[in-house]
Amino acid sequence: MMEGIRRYFWRALFVVIMAAGAWATYLRFWGGLGAATNLSDQFPWGIWIGFDVLCGVGLAAGGFTLAATVHIFNIKSFRPVVRPAILTAFLGYLLVVVALLFDLGHPYRIWHPIIMWNPRSVMFEVGWCVTLYTTVLFLEFLPVVLERLKWHTALKVMKAATLPIIIAGVILSTLHQSSLGSLFLIMPNRLHPLWWTPLLPVLFFISAVATGLAMTIFESWHSSKAFGRQLEYGLVCRMTRVLAVITAIYLTLRFLDLSHRGALSTLNQPGFERWMFGLEIVLMAVPMLMFFREKTRQHPLAVYLGVVMWLLGFVTNRMNVSVTGLERSSGVHYFPKWSEIAVTLAIIAAGFAIFRLAAHYLPVFEEEHEEEATTPAGSGRIPTLEAARVPGD
Amino acid sequence: MARALLFDSTLCIGCRECERACSEGKHLPYDEKIAQEEQTSARKLTAIRTHGERFSRKLCMHCLDPACASVCPVAALEKTAAGPVIYHPERCMGCRYCMVSCVFGVPTYEWNSRLPYVRKCDGCADRVAGNEPTRCAEACPTGATLFGDRDELIAEAKKRLAEKPDEYYPRIYGIEEAGGTSVLVLSAVPFDQIGYPVNIEKVALPQYTWAALKHVPDVVVMGTVLLGGIHWLTHRKEEVARKEGRS
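As you go down the protein sequences, you meet chains C and Z in turn. Mind the numbering: the first sequence is residues 0 to 392 in numbering that gives the first Met the number 0, read in order. Mind the numbering: the second sequence is residues 0 to 246 in numbering that gives the first Met the number 0, read in order.
Keep in mind the hints are simulated off the structure, nothing from the lab. Keep in mind that the hints are not guaranteed to be accurate.
Unchecked claim - If you want a taste of the chain Z side facing chain C, the calculated C-beta under 10 Å gives, among others: (1) C91; (2) P115; (3) F190.
Just so you know, even glycine gets a beta-carbon here, dropped at the ideal spot from N, CA and C.
Make a model of the complete structure from these sequences and hints.
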């Protein structure tokens with residue numbers, strides 16, 4: 000009974016969000032950006048760039064973090080989460096492209112950077128990286144589809160090309176995760192000193208790596224709920240530890256940079272910037288402290304809450320860089336119009352729905368079996384998660 | 000020879016002839032109501048702004064190394080040798096990064112158009128290339144907006160500052176701002192009092208992004224070597240085991 004109601008609720012919510020998104024889409028493409036957004040000459044970038052693109056690409060960072068962990072660093076225990084991470088990354092990028100189509104004034108010209116070059120432009124580099132990386136993610140995900148279709152020859156060919164594809168993917172991700180930060184380097188006087196720093200590319204990169212891990216934990220938590228499987232605590236525990244360490248590095252660097260630039264004194268100035276800054280830091284620092292504690296790591300719900308908090312901290316940071324930090328110098332206050340929010344929600348909802356479908360119909364949460372002779376062949380159970388349990392952790 | 004404009008705000012009487020000439024030359028509507036707007040927009044490429052009894056002019060500053068041209072992913076904005084920064088609408092995808100990056104807040108957008116373009120003063124590039132003055136300079140009845148060679152205009156501005164030190168605030172706006180601009184401004188009062196942003200870096204802004212961007216090839220090369228090497232190291236043990244098992 001409860002289960003039925005819950006399912007009905009989520010479906011109804013999905014339909015409502017999609018309907019609102021459809022109406023907003025009509026407004027956007029019929030009436031133009033002016034009709035569908037609160038953007039202006041003073042504030043030309045809103046949440047479609049700040050949330051859909053900046054956060055979207057960051058939240059898809061699990062793909063390269065885990066591909067590198069498993070395939071390059073050969074840490075086998077993380078293998079079970081590589082596929083869901085790559086699927087998320089692939090969907091994430093596709094949805095970022097969809098979001099861009101909404102935001103661009105001339106969406107049908109999205110291919111222009113491929114032939115109209117300006118190598119001095121960070122955006123040009125981001126455009127190329129995203130194009131190439133989406134292709135790489137497609138190739139990385141392809142084996143899952145080939146496996147489902149049982150096309151073994153094609154699968155073998157793909158396997159031979161794995162290493163170069165993985166390396167290309169990691170490099171492309173490194174480049175554009177950091178370049179999303181570089182986008183804001185051009186505005187040293189416009190972006191608030193709490194966020195403008197020459198280290199923006201480095202900070203964006205490190206926080207993207209951490210977000211990749213956080214998203215992977217988030218997903219395995221949800222998929223274990225949705226598909227009625229045990230959550231592999233050993234693995235999650237190890238990931239939260241790594242997350243805590245990376246966050247510590249990130250926050251240390253962040254504060255060293257702030258103090259070296261003398262930006263901490265701006266915290267004395269009144270204004271909402273310091274509160275948004277505080278929120279961003281707290282949302283990252285609290286989960287870090289939680290995950291340094293053995294007890295918290297053992298508690299699934301605490302792990303989940305910590306990870307969600309971290310992800311919110313990440314989103315707050317990206318929104319601060321792209322919206323909060325630019326408001327003061329622009330002289331206007333920007334708050335998204337309902338239609339901007341509707342499009343964003345619809346894109347997120349579509350992401351969840353496609354992920355669920357893919358996870359249902361494709362072997363996303365299964366191990367690659369051919370080369371993994373070590374996997375115990377439990378007939379009815381899904382072997383991977385059990386096999387991946389790290390002894391003694 | 001790089002051409003430029005010198006706007007001497009002490010000579011401006013706020014007659015808005017520059018606005019009218021600009022709008023007429025660009026086939027934009029111009030009437031009493033539009034004249035009242037003190038902001039530039041997609042339909043008003045230059046604007047006279049009132050600050051008490053003083054006037055200032057807003058128009059594209061035509062930076063020597065413009066941020067807008069450096070950030071545009073498709074090179075839709077271009078700094079011409081003659082001075083003006085021009086826009087190629089047929090390349091533009093509408094990402095609006097040029098608008099975000101401009102310290103002077105110059106590029107504007109056709110927000111209510113279904114297929115909008117960026118609009119800004121193009122420095123009358125069509126005329127300047129033939130060494131004709133810009134429409135605004137030609138229309139100015141008091142000589143507040145002068146057209147000429149940038150170096151000569153700087154010399155002229157310096158002469159004015161030296162001759163009438165009491166009437167001018169002792170600086171020429173546009174020599175160093177954002178690495179230098181092709182629009183120079185003189186004022187009787189500090190520039191922020193007549194609406195010009197003053198906390199602008201003295202270096203060309205594209206340097207900030209280039210500092211990061213120039214490392215891209217290094218990341219690619221070092222990354223490939225590093226990742227390949229780590230892969231080789233971490234998989235070495237298995238390889239050895241496999242070989243030993245076989246032999």
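**Prompt:** What are the numbers of the hints that this structure violates, sorted from low to high?
**Reply:** 3
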